[in-house]
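In case you want the letters, here they are:
There are 4 protein chains.
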Amino acid sequence: MKPERMNAFTDGVIAILITILVLELRPPAGHQLSDILDEKSKLLAYLLSFVFVAIYWVNHHHLMQIVHRIDGRTLWANIHLLFWLSLTPIATAWLGDAGVKSGPVAAYVIVLLGCAVSYTLLTLSLLALYESESHLAQAIGSDRKGKLSLAFYLAALAFAFVVPWVSVALFVAVALIWFVPDRRVERVLVDDR
Amino acid sequence: MKPERMNAFTDGVIAILITILVLELRPPAGHQLSDILDEKSKLLAYLLSFVFVAIYWVNHHHLMQIVHRIDGRTLWANIHLLFWLSLTPIATAWLGDAGVKSGPVAAYVIVLLGCAVSYTLLTLSLLALYESESHLAQAIGSDRKGKLSLAFYLAALAFAFVVPWVSVALFVAVALIWFVPDRRVERVLVDDR
Amino acid sequence: MKPERMNAFTDGVIAILITILVLELRPPAGHQLSDILDEKSKLLAYLLSFVFVAIYWVNHHHLMQIVHRIDGRTLWANIHLLFWLSLTPIATAWLGDAGVKSGPVAAYVIVLLGCAVSYTLLTLSLLALYESESHLAQAIGSDRKGKLSLAFYLAALAFAFVVPWVSVALFVAVALIWFVPDRRVERVLVDDR
Amino acid sequence: MKPERMNAFTDGVIAILITILVLELRPPAGHQLSDILDEKSKLLAYLLSFVFVAIYWVNHHHLMQIVHRIDGRTLWANIHLLFWLSLTPIATAWLGDAGVKSGPVAAYVIVLLGCAVSYTLLTLSLLALYESESHLAQAIGSDRKGKLSLAFYLAALAFAFVVPWVSVALFVAVALIWFVPDRRVERVLVDDR
Chain A
49 MKPERMNAFT
59 DGVIAILITI
69 LVLELRPPAG
79 HQLSDILDEK
89 SKLLAYLLSF
99 VFVAIYWVNH
109 HHLMQIVHRI
119 DGRTLWANIH
129 LLFWLSLTPI
139 ATAWLGDAGV
149 KSGPVAAYVI
159 VLLGCAVSYT
169 LLTLSLLALY
179 ESESHLAQAI
189 GSDRKGKLSL
199 AFYLAALAFA
209 FVVPWVSVAL
219 FVAVALIWFV
229 PDRRVERVLV
239 DDR
Chain B
49 MKPERMNAFT
59 DGVIAILITI
69 LVLELRPPAG
79 HQLSDILDEK
89 SKLLAYLLSF
99 VFVAIYWVNH
109 HHLMQIVHRI
119 DGRTLWANIH
129 LLFWLSLTPI
139 ATAWLGDAGV
149 KSGPVAAYVI
159 VLLGCAVSYT
169 LLTLSLLALY
179 ESESHLAQAI
189 GSDRKGKLSL
199 AFYLAALAFA
209 FVVPWVSVAL
219 FVAVALIWFV
229 PDRRVERVLV
239 DDR
Chain C
49 MKPERMNAFT
59 DGVIAILITI
69 LVLELRPPAG
79 HQLSDILDEK
89 SKLLAYLLSF
99 VFVAIYWVNH
109 HHLMQIVHRI
119 DGRTLWANIH
129 LLFWLSLTPI
139 ATAWLGDAGV
149 KSGPVAAYVI
159 VLLGCAVSYT
169 LLTLSLLALY
179 ESESHLAQAI
189 GSDRKGKLSL
199 AFYLAALAFA
209 FVVPWVSVAL
219 FVAVALIWFV
229 PDRRVERVLV
239 DDR
Chain D
49 MKPERMNAFT
59 DGVIAILITI
69 LVLELRPPAG
79 HQLSDILDEK
89 SKLLAYLLSF
99 VFVAIYWVNH
109 HHLMQIVHRI
119 DGRTLWANIH
129 LLFWLSLTPI
139 ATAWLGDAGV
149 KSGPVAAYVI
159 VLLGCAVSYT
169 LLTLSLLALY
179 ESESHLAQAI
189 GSDRKGKLSL
199 AFYLAALAFA
209 FVVPWVSVAL
219 FVAVALIWFV
229 PDRRVERVLV
239 DDR
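Chains as they are written, first to last, in this note's numbering: chain A, 49 to 241; chain B, 49 to 241; chain C, 49 to 241; chain D, 49 to 241.
Bound-form chain A, shown alone:
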């Protein structure tokens, strides 16, 4: 089966998730520009959730550039990823409301872990479809970035119950790693041309 419709569905779901926290924003009650600051925690939560979901979209976009065939397992691996992604807005909202406390930080890390694990499973389901000498295997390689992220997230989960700020530092670090989309994929695509 071709991946076009799976990609289009993914884009639709992510378009909703990336904008869902806009619905939480309310116009401030006052008339001064500084009154925006009343909404600053919600604005910040919106920005965080937006960037986070965008990172996954960009990486999904890059990954699927070199995938031209999928099967039923891929569809479910992808839906599994969408499920975890769909929880990031609400996890971000809790973090924005309650601040850097054990509960919201741990919940946030669990959602991030869910996203990372399901993204890895999606990658594996694709690798299973392709032969090892393919572009995909070459582009993903040993997936050091993926393994590193998982290690960071597990550490962040442990720290959440001790020093929550360390957890935040850890997952912001992971976000930065992924912010740069998968250059390996672009390299393979260029070689291919």
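Think of the hints as simulated: they come from the structure by calculation, not from any bench.
One or more hints might be untrue.
As the list claims (entries may be wrong) - From the derived model, a few chain B residues whose C-beta atoms are all more than 10 angstroms from chain C: (1) Leu65; (2) His79; (3) Ser82; (4) Ile114; (5) Val115; (6) Leu123; (7) Ile138; (8) Ser150; (9) Ser166; (10) Leu172; (11) Ala185; (12) Lys195; (13) Ala206; (14) Trp213.
What the hints assert, rightly or not - Restraint ranges, calculated between C-beta atoms of paired labels, are given here: (15) B:Leu198 with A:Ile225: 44 to 54 angstroms; (16) C:Ala199 with D:Ser82: 22 to 32 angstroms; (17) D:Ala206 with C:Ala203: 46 to 56 angstroms; (18) D:Leu175 with A:Ile225: 24 to 34 angstroms; (19) C:Leu95 with B:Arg192: 27 to 37 angstroms; (20) B:Leu95 with D:Phe209: 45 to 55 angstroms; (21) D:Ala206 with C:Phe227: 32 to 42 angstroms; (22) A:Ile225 with C:Ala176: 47 to 57 angstroms; (23) C:Asp191 with D:Lys88: 32 to 42 angstroms.
Every residue gets a Cβ at the ideal spot worked out from N, C-alpha and C, and that includes glycine.
Using the hints provided, position chains B, C and D relative to the given structure of chain A.
Here is chains B, C and D on its own, set in the frame of chain A:
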């Protein structure tokens, strides 16, 4: 007419339906990880509705892989299916709120029946367009899965007013049957290649 | 310019509009199946708005089947149509809340008129792009259905302030006329094959 | 990489943003047509936000007509634009609620500036990908419209704290300039055919 735009529209509607219950989720009031449990019935309802809608998306995706021509009747059969699917989030929400009582269980089964019947009608409208020796007819065959589902749902509707838990067991069983997407379609596609 | 992206955008907007009233539905407070009746006016408004928007989607789908070239004017004519369509859910909600009174019925007819006029303008902007001997001109012909609808709506607007029920009868009649998608288009497409 | 998926994702996000203020509209409490006027500031805010987002969609549509290759930087430049666009509904809502006061007017101008700057950055990221003699460079030319808009917005930001109505006049003027989609692009496309 070609089915591309109908599929894209279906994907858009399902992308909304699959995420609509996210809007019901609220950040917990407390700061402990265990405070998530206050939201557990809503989380569970979200998961149930997500899986349910996803099953239909996966099966619709499989079905339309081998359909390359549609007519006006197909469009309306598809919109009819979307209408019933659009009621599943609200039916799930009632089930989540009220628990396993006659009312919400019966309503849930009615929505499931509506989805199943309208999916069957969509299949029939497609079969009417194609000749009997086509791949589609071959892939759908005698539609034992579809007929079995309808029988289970009718039984579930009757039990809703007597022992609602039996109804729940019945429709969970149907969900499991459909969770595995239509292997028959994949088989036909492979033969075709 | 090609119409593909305009169609995709239209599908996205209509997918949202067709499901937006789902957000108004609330699970009933009780545990009996009959408690659904508490929500019956909202359910009915949802069904009405769903069918109405679906009719436009089906006709837009048919119309654009034979259009392969658009210009900037077409984009704005299409956005104008989307604007009026986007008001149908709220107009339906008022009708559902307040019942068949002058205010909501007149508002509903005004929105229907807006949709009908903007759809006609979209058709005209397309005809201006194509030569008169084209398939499009042939398929649309003298647009009797369009002219009849406008006449019915104008009558319905007048009756809204006298006998609102007559208005309702008039616009339901128009809906029925359009429910059957444009057979003329299908005929042209078949001749073409 | 090809731009198709980026365009589709953009369409999905803009489809949500353009309709998000519909959710703010409530049916009036009364039964008279004139009761709509109770909602007039929300209706006006909806119309303004709709037109504003539509202008960006039309211009994005035109711009991408002549772009057939993108890279990772383009994806992020585009997401950056979507972020600012996603703030226009809430900025419009504040303006609608509070009226022409310093605070909401300045906030509105800041969002408009964000959109204009990020659109310019998107254009630059595309120009960097293409050689100077390409159609794109030719179509965009010296980007006088873009530079003029930025100048108007900066002036509007200054006036917001002195005479807010002048700011409104300035950004309405910019909207009118852009309302007419980029004829330069259409000209190039026509020459190309």
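Check your understanding: Beyond 10 angstroms from chain C, beta-carbon-wise, is B:Leu65?
Key -> violated (6 angstroms)
Check your understanding: B:Ala206: least C-beta distance to chain C exceeds 10 angstroms?
Key -> Since the minimum Cβ distance to chain C is about 13 angstroms, B:Ala206 lies beyond 10 angstroms and the statement holds.
Review point. Lying within 32 to 42 angstroms: is that true of the beta-carbon distance C:Asp191 to D:Lys88?
Key: holds (34 angstroms)
Check your understanding: So the hint says 32 to 42 angstroms: do the beta-carbon atoms of D:Ala206 and C:Phe227 match that?
Key -> violated (56 angstroms)
**Study point:** Status of the stated non-contact between B:His79 and chain C (beta carbon gap over 10 angstroms)
**Key:** For B:His79, whose nearest Cβ neighbour in chain C is about 29 angstroms away, the distance exceeds 10 angstroms, so it holds.
Check your understanding: Range hint 24 to 34 angstroms: satisfied by the CB atoms of D:Leu175 and A:Ile225?
Key -> Given a distance of about 29 angstroms, which is inside 24 to 34 angstroms, the answer is holds.
Review point. Honestly, do B:Leu95 and D:Phe209 meet the 45 to 55 angstroms range at C-beta?
Key: holds (50 angstroms)
Check your understanding: Is the Cβ of B:Trp213 more than 10 angstroms away from each Cβ in chain C?
Key -> holds (14 angstroms)
**Study point:** Given as non-interface: B:Ala185, which should sit over 10 angstroms from chain C by C-beta
**Key:** For B:Ala185, whose nearest Cβ neighbour in chain C is about 22 angstroms away, the distance exceeds 10 angstroms, so it holds.
Exercise for review: Would you assess whether B:Ser150, listed as outside the interface, keeps its beta-carbon beyond 10 angstroms of every beta-carbon in chain C?
Suggested key: violated (6 angstroms)
Review point. Any Cβ of chain C at or closer than 10 angstroms to B:Val115, or is the non-interface label fine?
Key: holds (16 angstroms)
Point to revise | Non-interface claim for B:Leu123 versus chain C (Cβ beyond 10 angstroms) | key: violated (5 angstroms)
Violated hints, in rising order: 1, 6, 7, 8 and 21; the structure is consistent with all others.
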